[in-house]
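A.B. asks: Position 219 (the sequence shown) corresponds to 219 in the UniProt record's numbering; numbering is contiguous.
It cannot be assumed that every hint is accurate.
[Claimed, not checked] Here are the computed lysine to any residue pairs in the SDA-like style, where the Cα-Cα straight-line distance is at most 20 Å:
| # | residue 1 | residue 2 |
| --- | --- | --- |
| 1 | K48 | L59 |
| 2 | K156 | S234 |
| 3 | K119 | E229 |
| 4 | K156 | N226 |
| 5 | K183 | G60 |
| 6 | K190 | K77 |
| 7 | K48 | P68 |
| 8 | K210 | K44 |
| 9 | K210 | S86 |
| 10 | K48 | S86 |
| 11 | K80 | R64 |
| 12 | K122 | K183 |
| 13 | K119 | H165 |
| 14 | K122 | G111 |
| 15 | K156 | E229 |
| 16 | K48 | H17 |
| 17 | K80 | G20 |
| 18 | K122 | D32 |
| 19 | K114 | V129 |
| 20 | K156 | N216 |
| 21 | K77 | V213 |
| 22 | K77 | Y13 |
| 23 | K122 | L59 |
| 24 | K119 | D32 |
| 25 | K53 | S86 |
| 26 | K183 | L118 |
| 27 | K119 | G130 |
| 28 | K119 | S95 |
Don't read these hints as lab results, they were simulated from the structure.
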Amino acid sequence: MSHESVSQIPVIYEDNHLLGIVKPVNIPTQADVSGDPDLLTLLKDDIKERYNKPGNVYLGLVHRLDRPVGGAMIFAKTSKAASRLSEAVRSRSFSKVYAAVVHGQLPAARGTLKDMLLKDSKTNTVSVVGRGTPGAKEAVLDYEVLGTGGSFSLVKIVLHTGRSHQIRVQMNHAGCPLYGDQKYGSRVNKPGQQIALWSVTVGFPHPVTKEDVVLNSLPPSEFPWNQWEDTVLSRLL
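My request is simple: use the sequences and hints to build the entire structure.
C.D. replies: Spelled out as structure tokens, the structure:
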């Protein structure tokens, strides 16, 4: 993503303390081994330019989205806001709702998935393991199937824990890998397909005013999302 295309990152909320944006797909949240332009750096540069700020600009990363995932994200513009938002994440008063298109059909129209996940840092993969496995962390999510089409299901997911690759791993373990997920669903996906996972809602108490802030972003109107009417997609919010 070039410098000019910072303008392609929609800002959906901004005040002196916070910056809420819609993350484009296939851009890393922060600098990684790829060396590709990352969201944090692009947004810092943009703030510096827009407000004509000298020196370094502070922008705190409060939560992450995997590189191929897009949607609503919040950043902190002050260290105080960052620490209060991080505390909201820890105390689970920070809500995260996702949309996913998965292969197959889940066992029920709605339900809760609880698994123990173990991350392998060497391969950057996560697997479901037995309870009591050293280093494993519990992952919990609620899901609701909003529609089915062909061999796919549109699923609304509320995360209760923020484990690495959590939705992708838990859905695959439930027999419904995400559309386009090369890492956990390579048996049913083709290389080059865009993973169908989107951050639709991020909600939290404002770090200063304490008022509820809710940021929303619906998935793009392209395949596989466009298999469902807007009336169905609007139920994600």
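A.B. asks: To test your reading of the hints: which numbers does this structure violate?
C.D. replies: 3, 5, 6, 7, 8, 10, 14, 23, 25, 28
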